[in-house]
Amino acid sequence: MPDRPSDADQLLKRKMQRQCEADRAVLLAGQPFTAKLLMQLNLVAVVDDRLPTAGTDGEQIFFNARFMASRSDADRRFILAHEVWHCALGHHRRQLGRQPECWNQACDYEVNALLREELGYCPEDALYHRRYRGQSAEQIYATLSAHPQRRQRGKVLDEHDLMGALGLSGDVQDADFQPQQVNAEAARRWQQRLVATAQQHQRQQGHLPGHITTLVERLRHPQVPWQSVLARFLHTTFSGDRQWLPPSRRHIYRGLYLPSHRGQQLELAVAIDTSGSCQRDLPDFLSELRGMLSAFDRVTLEILEFDTGVTQQRTLNESQLHELAHWQSLGGGGSDICPVFEALTTRMPQALVVLTDGFIESPAVAPGYPVLWCLTSDGQPPSVWGEVVQLADTCA
Numbered sequence: 001m002p003d004r005p006s007d008a009d010q011l012l013k014r015k016m017q018r019q020c021e022a023d024r025a026v027l028l029a030g031q032p033f034t035a036k037l038l039m040q041l042n043l044v045a046v047v048d049d050r051l052p053t054a055g056t057d058g059e060q061i062f063f064n065a066r067f068m069a070s071r072s073d074a075d076r077r078f079i080l081a082h083e084v085w086h087c088a089l090g091h092h093r094r095q096l097g098r099q100p101e102c103w104n105q106a107c108d109y110e111v112n113a114l115l116r117e118e119l120g121y122c123p124e125d126a127l128y129h130r131r132y133r134g135q136s137a138e139q140i141y142a143t144l145s146a147h148p149q150r151r152q153r154g155k156v157l158d159e160h161d162l163m164g165a166l167g168l169s170g171d172v173q174d175a176d177f178q179p180q181q182v183n184a185e186a187a188r189r190w191q192q193r194l195v196a197t198a199q200q201h202q203r204q205q206g207h208l209p210g211h212i213t214t215l216v217e218r219l220r221h222p223q224v225p226w227q228s229v230l231a232r233f234l235h236t237t238f239s240g241d242r243q244w245l246p247p248s249r250r251h252i253y254r255g256l257y258l259p260s261h262r263g264q265q266l267e268l269a270v271a272i273d274t275s276g277s278c279q280r281d282l283p284d285f286l287s288e289l290r291g292m293l294s295a296f297d298r299v300t301l302e303i304l305e306f307d308t309g310v311t312q313q314r315t316l317n318e319s320q321l322h323e324l325a326h327w328q329s330l331g332g333g334g335s336d337i338c339p340v341f342e343a344l345t346t347r348m349p350q351a352l353v354v355l356t357d358g359f360i361e362s363p364a365v366a367p368g369y370p371v372l373w374c375l376t377s378d379g380q381p382p383s384v385w386g387e388v389v390q391l392a393d394t395c396a
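Mapping to full-length UniProt numbering: the sequence shown position 93 is 93, numbers consecutive.
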């Protein structure tokens with residue numbers, strides 16, 4: 001049987017718990033945005049051989065009290081910030097099928113480059129190289145995969161697979177080390193927290209660092225100019241049969257002259273691919289959904305989420321835009337859009353927009369209404385019919 005932490009270990013745990021909570025307060029004074037994110041994670045000190053450093057499950061930061069006691073003040077604060085940015089950047093959901101060791105290093109390079117810019121400091125034993133500044137973990141992973149000699153062996157500040165660590169052996173095991181499985185819902189909550197914290201920070205402080213603003217804006221705003229894309233798509237589809245009013249009032253002040261539908265609402269069906277391969281794209285898909293609802297004065301969207309079947313179906317109009325802040329997607333399995341077309345047979349939409357990576361089963365014959373495939377940056381059209389629009393490469 002493994003030993004429990006000794007009395008001396010318990011004293012050290014309490015000491016380092018207080019110390020890390022004080023470090024969090026110091027960060028609040030100097031780096032308030034990161035500190036506000038950090039406030040949303042519980043700090044848990046442990047003495048456990050299975051966790052030699054630190055790690056997070058998206059709700060808690062577990063840290064080995066002996067490890068943190070051996071670090072400088074600046075190192076401890078960096079490590080806490082490092083953990084919270086793993087959560088904010090959604091690294092748990094972005095791995096997909098990538099090789100774990102290489103992916104973990106890519107994530108560390110991404111976080112450490114961001115923190116080097118924000119804190120002006122990086123521990124000597126942390127994975128950092130200036131060539132990776134401004135790059136995403138996906139881009140860094142591609143570089144490390146192509147150039148294995150650039151990988152660093154054994155240099156880690158934290159443990160990325162806490163559930164795997166639970167299965168390891170160790171002479172000392174701590175009952176307080178109880179991480180939870182990270183799931184897609186937890187990752188989506190962090191996307192919402194990031195945006196909400198940014199909005200609060202901007203109201204109180206007036207600005208965000210440029211590199212953080214770029215991350216947040218990608219989540220808050222759609223990549224596709226839906227006003228012009230849908231107007232052009234529908235105009236081409238219906239060959240001018242539809243009549244359009246003057247520009248939508250809400251966009252005139254921006255100099256955007258956008259069509260409003262005369263006599264009836266614009267009614268679209270929107271299919272959202274929630275299969276396993278699209279989990280990392282769901283925040284972007286929701287941003288595009290927000291963009292569609294904002295594009296016209298009168299619009300109704302029949303939204304169908306799907307993986308191997310329709311997992312969720314509901315209707316939203318422009319007055320219900322706020323409901324997207326609490327949207328919870330369902331799915332995570334394989335990909336087959338055929339059930340979406342079957343669900344739409346009883347009430348055909350004016351048009352269907354499909355948000356997907358394109359790696360789906362689709363009918364050989366086009367339906368009796370126009371289809372616009374909105375593909376991720378690396379997506380491929382799943383059929384020879386339908387129009388295509390591509391999301392910008394959000395990793396560039």
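No lab work stands behind these hints, which were simulated from the structure alone.
From the three backbone atoms N, C-alpha and C, an ideal C-beta is built for every residue, glycine too.
You may find that some hints are simply not true.
Label-pair ranges, simulated between beta-carbon atoms [unchecked claim]: (1) Q380 / A22: 46 to 56 angstroms; (2) L11 / Q320: 34 to 44 angstroms; (3) Q320 / Q390: 53 to 63 angstroms; (4) D73 / C338: 51 to 61 angstroms; (5) A366 / R131: 23 to 33 angstroms.
Legend entry - Q320 and L11 - C-beta distance against the hinted 34 to 44 angstroms: violated (54 angstroms)
Legend entry - Cβ separation of Q320 and Q390, checked against the hinted range 53 to 63 angstroms: violated (28 angstroms)
Inset, instruction - Could you check the hint for me, namely that D73 and C338 are 51 to 61 angstroms apart, CB to CB? - result: Cβ of D73 to Cβ of C338: about 58 angstroms, so the range 51 to 61 angstroms holds.
Inset, instruction - Mind checking the hinted window 46 to 56 angstroms against the Cβ distance between Q380 and A22? - result: holds (52 angstroms)
Inset, instruction - Starting from the range 23 to 33 angstroms, see whether the pair A366 and R131 falls in it by beta-carbon distance. - result: violated (46 angstroms)
Hint compliance for this structure: hints 2, 3 and 5 are not met, and every other hint is.
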